[in-house]
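J.: For reference, the chains in residue letters:
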Amino acid sequence: MSRWRCPTLLVFVAWLLLSPTAALAALPTEETPRVPLAYSLQEFREAVRAGGPGKDGIPSIDRPRFHSAAEARLAPDDLVIGLYLGGEARAYPQRILVWHEIVNDTVDGRPVSITYCPLTGSALGFHRGDAELGVSGRLVNSNLVMYDRTTGSEVPQMLGVAIDGPLAGRGLEELRLVWTTWDAWKTRHPDTRVLSRETGHVRNYRHDPYGSYAPLRGYYRPQSARLFPVMTESRRLPPKASVLGFRTIQGAAAVTREALRREAVIELAVGDSHYTVISDADLATGWVFHNPRRVEIRVDDLTFGPAGVSGGGTEALGPIHAFEAMWFAWAAFYPDTLLYGAAEDVP
Amino acid sequence: MTALAALRDALVGRPRNAVLVGGCGLAYAALYLWMIGDLGPGGGGGLAARFPAWDRVWQARGPFHFEPVGLIEAGPWVWTFSPLNTLLGLGIGLLLGGNLVLGWRVRRAAIHCAWHPPGGSLLAALPALLAGGACCAPIVLIWLGLPLAGVLSPLLPWLLPLAVLLLLASLATLARRLAASTP
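Chains A and B, in that order, are what the protein sequence lines are. Read in order, the letters of the first sequence correspond to residues 26 to 372 in the numbering used here. Read in order, the letters of the second sequence correspond to residues 26 to 208 in the numbering used here.
Please note: incorrect hints may appear among the correct ones.
What the hints assert, rightly or not - Distance windows between CB atoms, simulated:
{"#": "1", "chain 1": "B", "residue 1": "Arg132", "chain 2": "A", "residue 2": "Asp102", "range": "49 to 59 Å"}
{"#": "2", "chain 1": "A", "residue 1": "Thr57", "chain 2": "B", "residue 2": "Leu193", "range": "37 to 47 Å"}
{"#": "3", "chain 1": "A", "residue 1": "Pro215", "chain 2": "B", "residue 2": "Ala52", "range": "47 to 57 Å"}
{"#": "4", "chain 1": "A", "residue 1": "Arg242", "chain 2": "B", "residue 2": "Pro108", "range": "28 to 38 Å"}
{"#": "5", "chain 1": "A", "residue 1": "Arg260", "chain 2": "B", "residue 2": "Phe76", "range": "40 to 50 Å"}
{"#": "6", "chain 1": "B", "residue 1": "Trp183", "chain 2": "A", "residue 2": "Glu288", "range": "50 to 60 Å"}
{"#": "7", "chain 1": "B", "residue 1": "Phe76", "chain 2": "A", "residue 2": "Ser221", "range": "10 to 20 Å"}
{"#": "8", "chain 1": "B", "residue 1": "Trp102", "chain 2": "A", "residue 2": "Asp102", "range": "20 to 30 Å"}
{"#": "9", "chain 1": "A", "residue 1": "Ala239", "chain 2": "B", "residue 2": "Leu72", "range": "23 to 33 Å"}
Claimed, not checked - Some, not all, of what chain A presents toward chain B, calculated at C-beta under 8 Å:
{"#": "10", "residue": "Pro78"}
{"#": "11", "residue": "Gly79"}
{"#": "12", "residue": "Gly82"}
{"#": "13", "residue": "Leu110"}
{"#": "14", "residue": "Thr224"}
{"#": "15", "residue": "His226"}
{"#": "16", "residue": "Asn229"}
{"#": "17", "residue": "Pro234"}
Hint data in this document are derived by calculation from the structure and do not stem from the laboratory. Every residue gets a Cβ at the ideal spot worked out from N, C-alpha and C, and that includes glycine.
Generate the whole structure from the sequences, applying the supplied hints.
T.: Now the structure itself:
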């Protein structure tokens, strides 16, 4: 009898040890986040504020429907958040995401979450495995705090690192999204699919409760005040000025929209390493590469295609994830950030 | 005269007062729905209605804020219709209208009897207005350009019940005063 008790006990102990691991495996994460943490997880947790709506009070879109570009009811200057993955292009209109903030989608057979925070003007994509991300209703630095519906772990969107729950301290796997106009995205990706207004929820998708991007009005005006407190304040740019930011374990850097319009290639030293930002004028964005050997970029040989930029010396460089955000939020999460292109820097 | 009889007589005993209370209820409901984001611009100019989400009628988006079940377009306006949000807006509006009518009646009685009428019935509606304005469409704060949402957010679950309690308390006080001043 005692011969059987021991293996049963071992199996039970193994189940106890493995079951949390099985739960943690649902949302793909990295043990060591690839972003600089300016504050401890405890400090981030203490900075969390209620945003108004409760958990899932802003409902994510969990069964998204799409239609063709020809069927899209979008104006040329309407903003979209674009994703190109595995040869598939998808456009998520800002007018829809402002009401839902998260789309749990599957692209090219890969489960992904498209996330957008209207209060910080930031759009980030994440691999989600078997999990779904939801809107917690809470904010850090005015930024959306997402939660993983499998483990309950909470992740500020612009940090991409869980600050609470079983996944605390682990980093999510990020995906590049492009914040651009419908006209620019459609020109680059004529076969793009577009998120439908048939979201399963009733919302006034013709109206943005915060203001308007074209023309700039309400909360989106560069000089307008933010609504929630931040951990660090910076006045180097107007609070809502849009920057293209990237961060690595070595540090963070942000480039202004004006600099991206003005310069085809921007070279930046962050920490002990070197990075190159290539302006994509058609999409009004930039592509960032790790360039430790300082390879010279041949601007005339650059090619801009569905997957981004290629040629001109970029072949040997490693792409770095970047995203657009409002300056006040970028500076709050990454107070030691390098800033390129502020008015004080222009000769 | 009892307070209840004075209340009934003031609100429904005279058609003009009943119309005033009803009108106030409708006007406040429209303002409330606009402030919580259920009523807004974006209509295509025509008239259309569809109700695809009746299954969400009881689903809450936040404290005392419910999911819309249908979309009504009328001219330039779009109404994302939630029966419960509409009933809440109407209910507070009727309470506010009742307070206004009773306050006016008490004031008229005070002129004859030379005593000071109580104030504050309009102040009692302030939490309800804040609850509408600071909910998921913080347009009032954006207009004011004040970083107040962080301060107001923890109070939101309490604002609506607080407003109802204050309006009920004010209505009861006014009814008692009116009954006392009526022979």
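J.: For every hint, state whether the structure bears it out.
T.: Consistency of the hints with the structure:
no.	hint	verdict
1	B:Arg132 <-> A:Asp102: 49 to 59 Å	holds, 55 Å
2	A:Thr57 <-> B:Leu193: 37 to 47 Å	violated, 57 Å
3	A:Pro215 <-> B:Ala52: 47 to 57 Å	holds, 50 Å
4	A:Arg242 <-> B:Pro108: 28 to 38 Å	holds, 32 Å
5	A:Arg260 <-> B:Phe76: 40 to 50 Å	holds, 49 Å
6	B:Trp183 <-> A:Glu288: 50 to 60 Å	holds, 52 Å
7	B:Phe76 <-> A:Ser221: 10 to 20 Å	holds, 19 Å
8	B:Trp102 <-> A:Asp102: 20 to 30 Å	holds, 24 Å
9	A:Ala239 <-> B:Leu72: 23 to 33 Å	holds, 28 Å
10	Pro78	holds, 4 Å
11	Gly79	holds, 5 Å
12	Gly82	holds, 4 Å
13	Leu110	violated, 30 Å
14	Thr224	violated, 10 Å
15	His226	holds, 7 Å
16	Asn229	holds, 5 Å
17	Pro234	holds, 4 Å
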